[in-house]
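Undergrad: Residue-level listing of the chains:
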Amino acid sequence: MGKTGLDGLVDSARRFLYGMTGYEFERQLVEMRSDVDMVFISLLYGDMLGVPIIPPYYSLRLLPYAVPNIASWKRRAMREKEFSDYEELDLHGL
Amino acid sequence: MKTSTTVVLLFLIPIVVFGGIVAFGIKMNTLIVVLAGAVETYLAYRFYAKTLDRDVIQTDAKKATPAKLYMDGVDFMPTSRGVLYGYHFKSIAAAGPIVGVITAATLWGWFPSILWLALGVTFIGWVADYSAIVISIRNDGNSLSAIAYRLIAPRTRTILFIFIFFYLLLIAGAFVGIMTALMAARPDVPLGILVLAIMALIGGQMLYRWKLDLIVVTVVTVLITIVAMSLGPVGQSSAGPGPIQKAVAGFNKAIDGITGGRAVMEVIDPTYADPRVPPPGPNGIRPTTAIFDAATGVIKTMPNYLFWALFIFVFSYLGATLPIWRFAQPVNYIGFWITLIAIGLSSLGAILAPFISPATAAFNMPAIKMPDFGFNLAAGKPWQPLWPMLFVTIACGSISGWHSLVGSTNTSRQLEYETDALPVGGGGMFSENWLALLSLIAVAIAGGAGAGAFAAGIGKLLGVIFGKEFISYGTALGFGTFMVIVLTVTQLVFRVMRVTLTEWVGGAVPVFKNMHVTSIFSMLLTVLLLLSGTWVYLWQLFGASNQLMAALSMLLVTVWLRSVGKNTSFIGIPMLFMFITTMFSILVTAHNLYVSVLTAPAFTGRGIVEVGGWAMILLSALLFIAALFIAWDALKAWQKYGAAPGPSVATAATR
Numbered sequence: 001m002g003k004t005g006l007d008g009l010v011d012s013a014r015r016f017l018y019g020m021t022g023y024e025f026e027r028q029l030v031e032m033r034s035d036v037d038m039v040f041i042s043l044l045y046g047d048m049l050g051v052p053i054i055p056p057y058y059s060l061r062l063l064p065y066a067v068p069n070i071a072s073w074k075r076r077a078m079r080e081k082e083f084s085d086y087e088e089l090d091l092h093g094l
Numbered sequence: 001m002k003t004s005t006t007v008v009l010l011f012l013i014p015i016v017v018f019g020g021i022v023a024f025g026i027k028m029n030t031l032i033v034v035l036a037g038a039v040e041t042y043l044a045y046r047f048y049a050k051t052l053d054r055d056v057i058q059t060d061a062k063k064a065t066p067a068k069l070y071m072d073g074v075d076f077m078p079t080s081r082g083v084l085y086g087y088h089f090k091s092i093a094a095a096g097p098i099v100g101v102i103t104a105a106t107l108w109g110w111f112p113s114i115l116w117l118a119l120g121v122t123f124i125g126w127v128a129d130y131s132a133i134v135i136s137i138r139n140d141g142n143s144l145s146a147i148a149y150r151l152i153a154p155r156t157r158t159i160l161f162i163f164i165f166f167y168l169l170l171i172a173g174a175f176v177g178i179m180t181a182l183m184a185a186r187p188d189v190p191l192g193i194l195v196l197a198i199m200a201l202i203g204g205q206m207l208y209r210w211k212l213d214l215i216v217v218t219v220v221t222v223l224i225t226i227v228a229m230s231l232g233p234v235g236q237s238s239a240g241p242g243p244i245q246k247a248v249a250g251f252n253k254a255i256d257g258i259t260g261g262r263a264v265m266e267v268i269d270p271t272y273a274d275p276r277v278p279p280p281g282p283n284g285i286r287p288t289t290a291i292f293d294a295a296t297g298v299i300k301t302m303p304n305y306l307f308w309a310l311f312i313f314v315f316s317y318l319g320a321t322l323p324i325w326r327f328a329q330p331v332n333y334i335g336f337w338i339t340l341i342a343i344g345l346s347s348l349g350a351i352l353a354p355f356i357s358p359a360t361a362a363f364n365m366p367a368i369k370m371p372d373f374g375f376n377l378a379a380g381k382p383w384q385p386l387w388p389m390l391f392v393t394i395a396c397g398s399i400s401g402w403h404s405l406v407g408s409t410n411t412s413r414q415l416e417y418e419t420d421a422l423p424v425g426g427g428g429m430f431s432e433n434w435l436a437l438l439s440l441i442a443v444a445i446a447g448g449a450g451a452g453a454f455a456a457g458i459g460k461l462l463g464v465i466f467g468k469e470f471i472s473y474g475t476a477l478g479f480g481t482f483m484v485i486v487l488t489v490t491q492l493v494f495r496v497m498r499v500t501l502t503e504w505v506g507g508a509v510p511v512f513k514n515m516h517v518t519s520i521f522s523m524l525l526t527v528l529l530l531l532s533g534t535w536v537y538l539w540q541l542f543g544a545s546n547q548l549m550a551a552l553s554m555l556l557v558t559v560w561l562r563s564v565g566k567n568t569s570f571i572g573i574p575m576l577f578m579f580i581t582t583m584f585s586i587l588v589t590a591h592n593l594y595v596s597v598l599t600a601p602a603f604t605g606r607g608i609v610e611v612g613g614w615a616m617i618l619l620s621a622l623l624f625i626a627a628l629f630i631a632w633d634a635l636k637a638w639q640k641y642g643a644a645p646g647p648s649v650a651t652a653a654t655r
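Chains A and B supply the protein sequences, listed in that same order.
Our numbering puts the first residue of the first sequence at 1, with every later residue one more than the last.
Our numbering puts the first residue of the second sequence at 1, with every later residue one more than the last.
Just so you know, nobody snuck in bad clues.
Listed below are several chain A residues computed to face chain B (Cβ distance under 10 angstroms; list not exhaustive):
(1) PHE16
(2) THR21
(3) GLY22
(4) PHE25
(5) GLU31
(6) ARG33
(7) SER34
(8) ARG79
(9) GLU82
Calculated from the structure, these hints are not laboratory results.
Fair warning: this is a prediction, and the values are worked out from it, not measured in the lab.
Every residue, glycine too, gets a C-beta built ideally from N, C-alpha and C.
Using the sequences plus the hints, can you model the full thing?
TA: Here it is as structure tokens:
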């Protein structure tokens, strides 16, 4: 249940401030990590998307750890992107 | 209350309040603006925006948003409404609402400016921002260009690219122009900007490489930059400038010595809004200075002006080509804090001023500068009629096309609930409008014109809180804030320009895939516009392209609403108004360029000025034709969906 009264106001202000300040860095870090993840998972399991690579030996051994991320990786890798999508962070504040 | 009654009331309130103040000769002050703005914002949001959101768009908290449907933890990520509101506001808030208001108030006075700010945001601004987010949510989180491709015509997407590129080019020309003039004219400004660049590089390193705490990085970088900005006027007295000002002025003089103190070229700005033109003195006459001849109106482009232009290009080049975390992002972050501190304290000053220092709170600017509102059009002379030119001069504070682009690519994919679209998108626009109102307050209490008046206004408002002794430091901080806001935008403009250029022509001309080539090419084009010396026309052409992009975004939403059988009047009417207004403004600007640049008398460096003038006329024609193409395609789509709603679009939209 959401906070009410003064607590709610303070909480809203806190979230607003975080949105204006730290959240940008959080998103940037998530982007940077996801770019590395994308390369890594594509190297291991690119064949799932039809990329002609021979899966390395480690693919099977790492599969149990990669399973939770496979679905979102596929969606992200296969989504058709506009230029504004992959340079999204550059568009801020214009 | 019926929607039609709400519309009439919201339309009449600002006209009656501000019109009454002007008609009865009441002295306008900061508190009236704050109170009237708060009332208008509350009523517009509570009774107009919420009604449309509930009854027409019918947002539903139970519908799955793209953030939930396609969550990938990166692009699609449900985010708290409060966080997203802050993030969206920061993403859309920039120099537009500040520079536009300063320019418009200088040209027409505060009364037309404040009316357009109030009415524009109430009936058009929030609608455009909010609807761009909604159309994206209801179309699987697709961006505007992707939706236009599907909903209107494939070529619409290509035309949007052209639009975006020229929009960026125009804003780059306008912003580099205003910054260069400030850096050359104000010896207390460059130190702060230089320190900002250094702090940004250090800040990026501290945060991403050394992994220091964000609060520590913020305190260190922001504090040092603010101190450097305020240091500019240290030692300044009635006897003369301080040591830093003397050092920078000496440096400028040394650079001018390269040509023996002669101008490299000369330009004429018939609007007198070029930042290098001094404001009129107490007798109403502009004085002749080292770079401005009051008798002929000629502005001299000195070598030091070119040096500072180069400085800004180097700064922007770093922002455009280095990884975003290395330079552009920390510059933006530091700049954000400086702006927040300056604007936040100034807002407080604006509220307190009528009680503490009534003389400071009073407006020192005429309510109306042109009694005929510029409609007395003389053949062979440049024109500035209130309609359509005011509506493109104040762009982002009332309505902006760029917001739609950001909202549809970024915010829409993070909305947790559909019902968050209004507080985030609409709320973000209303908040930006406040930034514009504060700029108007600053420039109106200071009196003068341009960035100088804005800075002086900030200085006065800070002086209300910290005492009169602080005014000169506050003014320096005002200049620094203005520079920072504009500079952070400019570096990103070049960054996005290079990306757009690569996307647009990189396939056909492979050399344009190289980011250094595209960055330098973009900067060379900007130089051409910069040297034309027609700052106001550049700004107005940028405003026109921005407003036209907003009109196109609303056009897309109108077609979409038609395709799903919803009422289109709340967005169709504003769209038509903005489309027709901006198309006419482009024609007026092209006319102004022709009569003031291309038929002006001969002076030094006429060749490049002419090339710049023709380039801008060509740009005007391109924007005009591109908009006509999109409108034609949209009209066909409108007719098509009127006959039978499109199945694929309707399916996605009513999901």
